[in-house]
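Using the working numbering, the first residue of the sequence shown is number 1, and each one after it goes up by one.
Mixed in with the good hints there might be a few duds.
With a straight-line cut-off of 27 Å between C-alpha atoms, the simulated BS3-like cross-links for lysine-lysine are [claimed, not checked]:
hint: 1; residue 1: K183; residue 2: K217
hint: 2; residue 1: K26; residue 2: K103
hint: 3; residue 1: K162; residue 2: K217
hint: 4; residue 1: K89; residue 2: K149
hint: 5; residue 1: K98; residue 2: K149
hint: 6; residue 1: K98; residue 2: K37
hint: 7; residue 1: K158; residue 2: K98
hint: 8; residue 1: K220; residue 2: K103
hint: 9; residue 1: K183; residue 2: K220
hint: 10; residue 1: K217; residue 2: K89
hint: 11; residue 1: K149; residue 2: K103
hint: 12; residue 1: K37; residue 2: K89
hint: 13; residue 1: K158; residue 2: K103
hint: 14; residue 1: K149; residue 2: K217
hint: 15; residue 1: K89; residue 2: K158
hint: 16; residue 1: K149; residue 2: K220
hint: 17; residue 1: K26; residue 2: K158
hint: 18; residue 1: K98; residue 2: K217
hint: 19; residue 1: K158; residue 2: K183
By construction, these hints were calculated from the structure, which means they are not laboratory data.
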Amino acid sequence: MMNSGNLYDTAQMHYALDLTWQPNEKFFIGANGVWVKDDSDLAAMEDMDYNTYSVYASYNFTPAVALQGTYYWQDLDEGIAGGFEDSPKAWRATLAVKQDLLKFTGLRFEYQQQDNTFNGVRDPYSFGVNSANAASISDNMPWNDGTTKLFFIYADQKWNDKWSSYLRYQQADFDTTGLDDAKGYGAGVTYQYTPAIAFRLAYDQVDYGSDNPIGFKNDKDHVFQFRTAINF
Numbered sequence: 001m002m003n004s005g006n007l008y009d010t011a012q013m014h015y016a017l018d019l020t021w022q023p024n025e026k027f028f029i030g031a032n033g034v035w036v037k038d039d040s041d042l043a044a045m046e047d048m049d050y051n052t053y054s055v056y057a058s059y060n061f062t063p064a065v066a067l068q069g070t071y072y073w074q075d076l077d078e079g080i081a082g083g084f085e086d087s088p089k090a091w092r093a094t095l096a097v098k099q100d101l102l103k104f105t106g107l108r109f110e111y112q113q114q115d116n117t118f119n120g121v122r123d124p125y126s127f128g129v130n131s132a133n134a135a136s137i138s139d140n141m142p143w144n145d146g147t148t149k150l151f152f153i154y155a156d157q158k159w160n161d162k163w164s165s166y167l168r169y170q171q172a173d174f175d176t177t178g179l180d181d182a183k184g185y186g187a188g189v190t191y192q193y194t195p196a197i198a199f200r201l202a203y204d205q206v207d208y209g210s211d212n213p214i215g216f217k218n219d220k221d222h223v224f225q226f227r228t229a230i231n232f
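Construct all of the structure, not just a fragment, from the sequences and the given hints.
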């Protein structure tokens with residue numbers, strides 16, 4: 001139990017370094033490091049440092065088709081790892097095709113593997129990014145020595161200067177006995193009322209599976225969203 005000080009007195013120092021090399025308009029490659037160090041006097045926060053490193057690259061086959069990839073690895077203190085893997089890894093590959101090529105839609109295919117002790121973004125496809133604390137296919141992601149596999153498809157359509165829409169599908173395999181795969185489906189329509197004001201109506205559904213253990217979500221969750229965006 002954390003009782004060795006005021007948690008609001010906690011502080012962490014973040015150090016970051018990013019190096020990028022772009023020899024031409026089609027290709028770039030880079031490396032990144034983030035070091036997070038505890039800077040408080042709270043005993044309960046000792047042994048909670050972690051470092052994240054990554055290398056990334058992107059290649060444009062044409063102005064409308066790009067292949068991108070990122071590989072991450074971490075070094076976790078035992079206070080975070082909690083007896084599980086303290087050197088988690090993750091990687092992601094993305095193929096993006098613009099509507100300029102396909103005419104009727106843009107497409108984005110993404111595949112990702114992430115160790116279940118990876119300390120960082122654990123719900124990269126959450127609808128909640130734009131809608132408070134919404135359902136996510138990663139809600140049941142456990143903290144263990146397995147590796148979650150994520151697949152994501154996003155199709156966006158711009159019909160004219162006023163109307164646009166999207167469809168999306170995502171799924172997660174948690175590599176954990178007793179946990180069902182999660183799947184998600186979504187669709188939305190945006191109306192650009194003025195250059196500064198837009199309205200969006202969207203729906204998202206997550207299917208967590210059934211008979212998951214206590215403490216994990218089961219069945220389906222639904223989100224309806226009406227969003228007004230005002231740019232100043």
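Here's how the hints hold up against the structure:
Among the hinted pairs, K183 with K217 is consistent with the structure: their alpha-carbon atoms are about 13 Å apart, no more than 27 Å. Of the pairs offered as hints, the one joining K26 and K103 holds, with about 22 Å between alpha carbons and a cut-off of 27 Å not exceeded. For the suggested pair K162 and K217, the alpha carbons sit about 38 Å apart, so the restraint of at most 27 Å is broken. The straight-line distance between the Cα atoms of K89 and K149 is roughly 12 Å, inside the 27 Å bound, and the hint therefore holds.
At roughly 25 Å between alpha-carbon atoms, K98 and K149 fall within 27 Å of each other, so this suggested pair holds. In summary, the hint linking K98 to K37 is not supported, as the alpha carbons are separated by about 40 Å, beyond the 27 Å threshold. A C-alpha spacing of about 11 Å is found between K158 and K98, which places the hinted pair at or below 27 Å, so the restraint holds. Pair hint K220 plus K103 does not hold up; C-alpha atoms about 34 Å apart against a cutoff of 27 Å.
A threshold of 27 Å between alpha carbons decides the hint, and for K183 with K220 the separation of about 9 Å falls inside it, so the pair holds. With a C-alpha separation of about 25 Å, the suggested pair K217 and K89 falls inside the 27 Å cut-off, and the hint holds. For the proposed pair K149 and K103, the alpha carbon gap of about 31 Å is over 27 Å, so the pair is violated. Restraint check for K37 and K89: satisfied, since their Cα atoms lie roughly 20 Å apart, inside the 27 Å limit.
Among the hinted pairs, K158 with K103 is consistent with the structure: their alpha-carbon atoms are about 10 Å apart, no more than 27 Å. The hinted pair formed by K149 and K217 meets the criterion: a straight-line CA distance of about 18 Å does not exceed 27 Å. Between the alpha carbons of K89 and K158 the distance comes to roughly 36 Å, so the proposed pair goes past 27 Å and is violated. Distance restraint check for K149 and K220: the Cα-Cα separation of roughly 20 Å lies within the 27 Å cut-off, and the hinted pair is therefore satisfied.
A hinted pair counts as satisfied when its Cα atoms are at most 27 Å apart, and K26 with K158 qualifies at roughly 25 Å. With a C-alpha separation of about 35 Å, the suggested pair K98 and K217 falls outside the 27 Å cut-off, and the hint is violated. With a C-alpha separation of about 26 Å, the suggested pairing of K158 with K183 holds against the 27 Å cut-off.
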